[in-house]
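First to last, the protein sequences are chains A and B. Each step along the first sequence adds one to the number in the numbering used here, with nothing skipped, and position 274 is 274. Take any residue in the second sequence, count from 1 to its spot, add 1000: that is its number in the numbering used here.
Think of the hints as simulated: they come from the structure by calculation, not from any bench. Among the clues, some could well be false.
What the hints assert, rightly or not - Derived coverage of chain A by chain B (criterion: at least 3 residues anywhere in the stretch with Cβ under 8 Å from a Cβ of chain B; other residues may be distant):
1. 178-189
2. 194-203
3. 210-217
4. 247-257
5. 282-294
6. 304-312
This structure is a prediction, so every number in the text was calculated from the model and none was measured. We put the CB at the ideal spot given by N, CA and C, even for glycine.
Protein chains: 2
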Amino acid sequence: MIQPVSWLEGTLELLDQTLLPQRELWLTLTRWEEVAEAIRRLAVRGAPAIGIAAAYALVLAVWTAEGEEDAGRKFAEAATGLAEARPTAVNLFWAIRRMEREWSAQAGQPLDTIPNALLAEARRIHAEDIEGNKRIGGHGSDLLPMGSSILTICNTGGLATGGYGTALGVVRAAWSAGRLEMAYLCETRPLLQGSRLNAWELMKEGIPFRILVDGAAGALLARGGVHAVLVGADRIAGNGDTANKIGTYTLGCVAARHEVPFYVVAPVSTIDREIEGGADIPIEERAHEEVLAPLGRPAAPEGSEAWNPAFDVTPAELISAIITERGVLRPPYERSIPAALA
Amino acid sequence: MIQPVSWLEGTLELLDQTLLPQRELWLTLTRWEEVAEAIRRLAVRGAPAIGIAAAYALVLAVWTAEGEEDAGRKFAEAATGLAEARPTAVNLFWAIRRMEREWSAQAGQPLDTIPNALLAEARRIHAEDIEGNKRIGGHGSDLLPMGSSILTICNTGGLATGGYGTALGVVRAAWSAGRLEMAYLCETRPLLQGSRLNAWELMKEGIPFRILVDGAAGALLARGGVHAVLVGADRIAGNGDTANKIGTYTLGCVAARHEVPFYVVAPVSTIDREIEGGADIPIEERAHEEVLAPLGRPAAPEGSEAWNPAFDVTPAELISAIITERGVLRPPYERSIPAALA
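Using the sequences plus the hints, can you model the full thing?
Here it is, written out as structure tokens:
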């Protein structure tokens, strides 16, 4: 199993995903600021994975603290700093809140036990994610007919999570169950997580795939033979509207036209009930350069400008179901989401 | 005006579009086989431009012929060879047929007058294209409200035509008429004609633009403020179904959902009445490498496979109008197309 983030004797080992698939470089991080920077520059990415990385980063923050006051200050600083690293994926804030609750629960305990208590909580978050992903995989696989071909976007595999995957976890589970024939991967511009990361993961496991440019999704579904579109999520609003990698909404439009089931695949930690609808989800805009210079090589003439939102919002009406570790949620999501979270 | 193809004293001067915008390299071609190769490798591309290049190539074929028999053999060989260079754009076959008619008309004329007669016909094809494009630009501009923003895909400008452009010709005309506020350019993977070529053309003329990844089209139209989607065409079937750059159909789905007018912009030479519907248009599949290695730099792990159709088909029902030099054709196209061609 690919584990992009792991704790090793007081350090966080992190696979630098910006260099894949050409190079497998593991970073050894000892300060929470380094983790925040890794999140910002997408060395670790994927909503669940950045939540897990942030949880471990909060352990790093207090690991070498000197005295209670120092620990408290560092923990608070790190919680604030990490929350500012990226704005859209809610799992980041969710993981920080879980760690803050653990911190509060440790109030009054001797300082030398606190880091280990926090570490235990981070490990629980991590282990629960993997366990949850596997349940998600089973629920999703059950929805696919035998001999299925699916279309997916971005990387939602082991690299994007604790180690198994959400949408790509369904691909894994369907392959194990003998239900999968072909995974079509949108290359996922601008950062090519489809061709760089999904392909890398699937190739390691011998799961058959084909890469297509994002614009070819329409032609693929028009050709027929694709049984489902599977996408991850960075934040799901209370009404089911879903923010995910830019291009996801475009897939939703195409899937709706061809009446191909469109499944959002995510742990319930991705649901943000404080947000009513997709219009309120903050969408990160990233550097023009990501668009203008693919893989760092300039395509557009100098001085060109880009429009580069990292995410888009797919409205609930285009989503056939949300596949979570607590089961398959169906519309109306205003009812099924609260039931799942209860 | 950008003229990607021009005749100069017995040679064809051709701007190598694979190197733009970093390098403006002009090729000097003296043999039709070189032109066929330039078409195949996309040094010249865009349906009208490859038609024009092929017409000049047929002049090259007989330019240095020795005797009537030699000229006849070379012309026939070139006509066959050029027609095999690319399968989808019908303007290629249309231009070759026009040149064949001119060749037949010259039967019995002294050999030393034939190359010049053919050259005159190629120049007419070229000049008519530019003239037609300008009329197209006017018709299209008239459809746009003042202060329009438009979305387009691939390059359909001077580089893709005789020198003015189809969809980008409408952008030019609308800008001149003070109707255009912003041109949004899909970068157009795999070969990035949007960011490489459209941006290069618009920057030269100071027309404001923003580049986006192809998948962001949905998010852009959802945000609002885009008044039309303008696309070119490589072949239009008798019923209006239109083959164009991969990604066009995906735009059509998104435009339909947002009720944004979706205009196909092309000269009538792009209409192929011999083909009833889009399903019969041959679609070129190109090398996997174009997808797997953007700008030649590998993204996917070695051994990955791609699905890389160069075009897709947008069904007539998604097309609000076809803008031609003979006016704006509206549905039902089974009626308006024959009327325009009459």
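Each hint tested on the structure:
1. 178-189: Three-residue rule met by the stretch 178-189 of chain A, so holds; n is 5.
2. 194-203: Answer holds; 5 residues pass the 8 Å Cβ test.
3. 210-217: holds (count 8)
4. 247-257: holds (count 10)
5. 282-294: holds (count 3)
6. 304-312: holds (count 7)
Hint check: no violations occur; every hint is consistent with the structure.
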